[in-house]
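A.B. asks: In this note's numbering, the protein residues as written are 69 to 341.
Just so you know, these hints were derived from the structure itself, not from any lab. Nothing here was measured: the structure is a model prediction, and the numbers come from that model. It is possible that part of the hints are untrue.
What the hints assert, rightly or not - Calculated pairs, BS3-like style, for lysine-lysine (alpha carbon to alpha carbon, straight line, at most 27 angstroms):
(1) K166 to K319
(2) K180 to K205
(3) K180 to K126
(4) K98 to K260
(5) K155 to K180
(6) K164 to K319
(7) K154 to K205
What the hints assert, rightly or not - DEER-style ranges, computed between Cβ atoms:
(8) D149 to G297: 27 to 35 angstroms
(9) A153 to Y241: 47 to 55 angstroms
(10) C129 to D199: 47 to 55 angstroms
(11) N85 to Y241: 18 to 26 angstroms
(12) W72 to F162: 40 to 48 angstroms
We put the beta carbon where it would ideally sit given N, CA and C, even for glycine.
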Amino acid sequence: GIHWHMNLDNEITYLANDRQRQDIPWVRMKDEKGNITEYAVKDIKLSGEQIAAAPKRKMDCIDCHNRPAHRYLPPDKAVDDSITAKKLDIALPFIKLKAVEVLTAQYETSDKAISSISATLDQYYKANYPDIYAARKDSITSSIAEVQRIYQANFFPEMKTNWSSHPDNIGHYKVEGCFRCHDGQHFSKTGKVIRNDCSICHTTVDQTFRNAATTASTDGVFQHPVNLGDKGSWQCASCHKHDKPFVHPLKLGDISRFQCADCHKGDSLKMKL
69 GIHWHMNLDN EITYLANDRQ RQDIPWVRMK DEKGNITEYA VKDIKLSGEQ IAAAPKRKMD
129 CIDCHNRPAH RYLPPDKAVD DSITAKKLDI ALPFIKLKAV EVLTAQYETS DKAISSISAT
189 LDQYYKANYP DIYAARKDSI TSSIAEVQRI YQANFFPEMK TNWSSHPDNI GHYKVEGCFR
249 CHDGQHFSKT GKVIRNDCSI CHTTVDQTFR NAATTASTDG VFQHPVNLGD KGSWQCASCH
309 KHDKPFVHPL KLGDISRFQC ADCHKGDSLK MKL
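Based on the sequences and whatever the hints tell you, model everything.
C.D. replies: Structure representation (structure tokens):
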């Protein structure tokens, strides 16, 4: 599983191209018998001299658990948490979309951000949904206050600090995380690859798909809710972004009211990618 990396019988050493250790072109594994296997990104040529001269790091807990405190939540995660806690009114049209938009916008100072968030959201509902604006003004006001709170807790423009400046390496859903090494692109000289199939760390017991009953997994392998066709090898973060909505590869107009599964029906698709 995931904590295989911390087994004392295994020693993982790597070199990174950046201070935040997000770009990892080379990895060395030494097993309990002292056997060493080196992996390098196939499109990057590193000489023995370059590897020997480069500073290396022995992998430990904080290579994944790098934000045990002072976590800066990305906009979509913070908004989801507030919706779950019923601090944002989901009866307001496109509240998540608009909240993420104003949280993602660039501001010079926190004061300007707070002012702009209030003005932008208030004007959006006033101009586009006048009936709702009149009937749910208190709800709009409280939702604006919650979005402002999210910003003040997670975004610090004067310090140039937020979720993107301090990435959280746990997982791989919307960040590279595990895929910094487990991307299927790190090969040994003999052609061995650092695996990136789900079953290395995960065993899927059951899954629930939209408008369907929970079903047991027969092989323990995760199935994406939508058949991705030849895109099935893509990393999660290729489509799932913290700061912007999914963009369909085909120009389908306004599809914001639809779920993926409305068109993509598992193995029997109405539409295939």
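A.B. asks: For every hint, state whether the structure bears it out.
C.D. replies: Taking the hints in turn, this is what the structure says about them:
1. As the CA atoms of K166 and K319 are separated by approximately 21 angstroms, the hinted pair is consistent with the 27 angstroms bound.
2. For a cut-off of 27 angstroms, the pair hint linking K180 to K205 stands: about 23 angstroms separates their Cα positions.
3. Taking the CA atoms of K180 and K126, the gap is near 43 angstroms; set against the 27 angstroms cutoff, the hint is violated.
4. A hinted pair counts as satisfied when its Cα atoms are at most 27 angstroms apart, and K98 with K260 qualifies at roughly 15 angstroms.
5. Our distance criterion of 27 angstroms between C-alpha atoms is met by K155 and K180, whose separation comes to about 23 angstroms.
6. A C-alpha spacing of about 22 angstroms is found between K164 and K319, which places the hinted pair at or below 27 angstroms, so the restraint holds.
7. Annotation: proposed proximity of K154 to K205 holds, straight-line Cα distance about 17 angstroms (limit 27 angstroms).
8. For D149 and G297, the hinted distance range of 27 to 35 angstroms is satisfied, since their beta carbons lie about 33 angstroms from each other.
9. Evaluation of the 47 to 55 angstroms hint for A153 and Y241 yields a failure: the beta carbon distance comes to about 20 angstroms.
10. With their beta carbons about 53 angstroms apart, C129 and D199 fall inside the hinted range of 47 to 55 angstroms.
11. A hinted range of 18 to 26 angstroms holds for the C-beta pair N85 and Y241, which are about 23 angstroms apart.
12. Checked against the given bound of 40 to 48 angstroms, the beta carbons of W72 and F162, roughly 43 angstroms apart, stay inside it.
Checked against the numbered hints given earlier, the structure breaks hints 3, 9 and satisfies all the rest.
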